[in-house]
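K.L.:
Okay, here's what each chain looks like letter by letter:
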Amino acid sequence: MRDGAGSASLAKNEQPHAARAFLAGWGSGSRLRVTAVPIGAALIAAALLAVFESDFYRSQNLHVLMQQCSVLGIVTLGQLLVLLVGGIDLSVGAVMNATLIIIAVMNRHHTQLATSIVLSLCLGVGVGLVNGLLVSLRDVPPFAATLGMLACIQGAILVYTKGVPAGNIPRELRPVALDGVGIVPYSLIICLAIALVLWFALRRGTYGRKIYAVGRSPEVARRVAISTTSVRVSAYVMCGLFAAMAGIILSAYVGYVDPTIGGNYNLQSIAAAVVGGVAFTGGEGSVVGALTGVVFLLALLNVVTLSSLNPFMQLIIQGAVMLVAVSVFQFLKKSPAN
Amino acid sequence: MFRQHLAIGRRARGMVITAAVIALATAVAVGTSSGARTATPTIAFVSQGTSNSWAAQLDAVARKTANRLGAKLVYYNGQGDATKQLPELQTAIATHPDAMVVVPLGQAADTGPVERAMSAGIPVVLCDSKINSDKYTSLVNPNPATATVPLAEWLAKKMHYKGDLLYIGGLPGNGTTILYDQGFHQVMNKYKNIHVVNGGNANYSISTAKQLAATAIASGKKFTGTWGVGGEAVTGILQAYVDAGVKPIPPNAGASVTNGNLRLVIENKVQAAMLQFPPADSKVCVETAYKAAMGQKVPKEINISKLPQYGNLYPPLNKYYKPQYTDDYYVGTDAVLSKSELAAIHLVK
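From first to last, the protein sequence lines are chains W and B.
One point on numbering: in our numbering, the residue at position 16 of the first sequence is 16, and numbering is uninterrupted.
One point on numbering: in our numbering, the residue at position 86 of the second sequence is 86, and numbering is uninterrupted.
Since no wrong hints were added, every one of them can be taken at face value.
So the derived label-pair ranges between C-beta atoms look like this:
#, chain 1, residue 1, chain 2, residue 2, range
1, W, R174, B, A344, 28 to 36 Å
2, W, R174, B, G295, 52 to 60 Å
3, B, G163, W, G126, 47 to 55 Å
So the derived list for chain B, only partly shown, Cβ under 7 Å to chain W, looks like this:
#, residue
4, T50
5, S53
6, V197
7, I206
8, K210
9, Q211
10, G220
11, I345
Derived from the structure by calculation, the hints contain no laboratory data.
Don't be surprised by glycine CBs; every beta carbon is placed ideally from N, CA and C.
Please model the complete structure; the sequences and the hints are all you need to start from.
P.N.:
Here it is, written out as structure tokens:
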């Protein structure tokens with residue numbers, strides 16, 4: 001048995017003092033730093049934007065930015081969970097592609113939208129479950145497991161569609177991304193609701209303690225009777241589910257069958273999480289930090305688009321700002337004052 | 001008795017081996033001699049591969065054309081990726097076919113193998129994209145550098161030669177994108193009152209194009225024209241305008257013609273001009289390779305855009321839209337494929 005179940009009785013009786021201290025420390029100063037730094041940087045950036053690119057604050061532009069943030073936000077929240085347990089998920093983009101294909105193909109066959117949504121969510125859960133089991137039970141490195149899954153899903157899509165993903169996005173799905181309350185799209189409300197639940201679960205709930213514990217030290221987590229397998233699998237399942245939800249919202253936003261729709265989201269979601277202070281090593285990061293990373297990345301893209309710079313310069317600026325942001329963050333995190 | 005059988009067996013085996021060696025030698029001699037051609041030539045088709053609807057139509061047309069000509073088409077799947085196509089290309093060369101049709105995915109990466117194939121005496125027809133060398137037998141290609149010029153001129157005229165023009169690019173460094181940009185900038189640089197607003201590169205993704213265009217539209221600029229490099233960019237631009245509720249949508253050019261782009265343009269009453277990048281041109285590619293395999297002379301370059309059926313399309317575009325087919329259908333594919341063949345690749349509604 002690979003998880004804590006086998007050693008549970010032993011651990012319950014001799015729960016070491018160090019392990020308890022370890023668990024108690026999960027919510028202390030370090031997490032505050034990881035959250036405060038990206039928020040501070042975002043506030044400074046917001047002030048600079050007001051001065052140098054006033055078009056940024058037009059309500060129409062903010063509406064577009066919120067639409068885009070909601071999709072990347074939901075994917076990044078899933079990626080956050082996986083990164084927190086020391087993993088990575090490279091199959092989120094493929095799940096989003098598959099979701100689009102399911103919706104379009106089922107719409108062509110006049111299947112009810114609710115059915116295709118449920119099927120899409122089930123696919124996300126299924127992919128997450130397989131990823132989680134491969135990583136936890138078979139010891140497959142997360143990078144390899146999820147990359148393999150990506151290839152399987154993309155291959156399955158091609159076999160099924162023969163490269164022609166014919167169909168249309170149902171009109172009744174589109175308001176999810178396009179309409180909203182004032183300038184706030186429904187998709188962002190969904191994203192924030194998920195974020196709120198996740199924030200509560202990670203900060204206040206037992207589940208959060210387990211997630212951070214498994215990410216920081218699986219060995220110690222096992223010693224305090226945490227089932228590392230179930231925690232890891234649950235993180236991958238949630239990630240798959242969130243990717244499917246994001247895929248549905250992105251389909252509604254784009255409104256067109258694009259077989260490459262989720263292609264950028266693997267790296268974008270990882271980048272957003274890392275910019276937002278989530279550590280690759282696991283056990284470090286927060287919902288607020290991850291969402292701040294999302295806003296930072298997309299606001300940056302938005303600003304360079306508004307600036308109408310040469311596209312090659314746009315890439316350099318985006319890359320440079322990201323590198324500086326991550327470097328400054330790492331520096332502050334390791335500084336003696338902290 | 002057993003030994004006798006064994007001796008007869010050995011003699012028979014010896015005769016079979018001798019016959020096989022003679023047959024093989026004859027086949028090699030026939031296969032490598034430049035003058036002699038087989039009745040059923042083998043054409044290696046190194047395709048873009050299973051990746052999108054354009055490639056699916058390209059492959060289906062190529063297969064049907066080879067079948068009609070009585071050629072044996074051996075298919076190599078590039079899987080839409082230059083790095084995956086390269087070993088397929090090398091395998092195809094190793095089989096020494098009578099001719100090859102290559103759809104280059106890597107302009108630089110495919111140069112060496114194509115040159116080696118030519119050195120080995122295999123005629124190579126490049127289909128829809130170039131390589132960094134002129135060592136090939138024939139290039140069958142819509143030439144975006146020249147075909148985009150009249151499109152850009154049309155757009156400039158529609159803009160009354162002034163105002164902001166939203167530009168959404170293709171894939172940086174990609175051969176087709178470079179050619180597209182050449183024609184576009186050649187025209188727009190002439191008109192100083194047209195201000196090209198660079199919306200970024202969509203990398204041939206509809207969703208990226210839509211996000212970029214939506215941001216540019218939300219900036220509040222009133223664009224008097226829009227240009228997208230390729231069908232995906234234009235679909236994204238139009239979808240962004242439709243969702244933003246901006247009316248009228250400014251004139252657009254740059255799309256490669258798909259049924260989906262035509263539908264969007266017609267439904268939303270957009271003035272648009274489009275370039276044809278037809279997958280049905282694999283018919284010309286295979287026919288050219290067949291002629292080369294049969295030892296006939298073929299032109300060094302066939303500019304598809306100059307063929308009457310594959311020229312640029314200008315308004316009114318209604319006559320080109322086919323509501324019975326899906327958005328992925330490219331104009332002209334039904335001139336080669338039957339309805340059942342189109343249905344087999346999911347193009348019939």
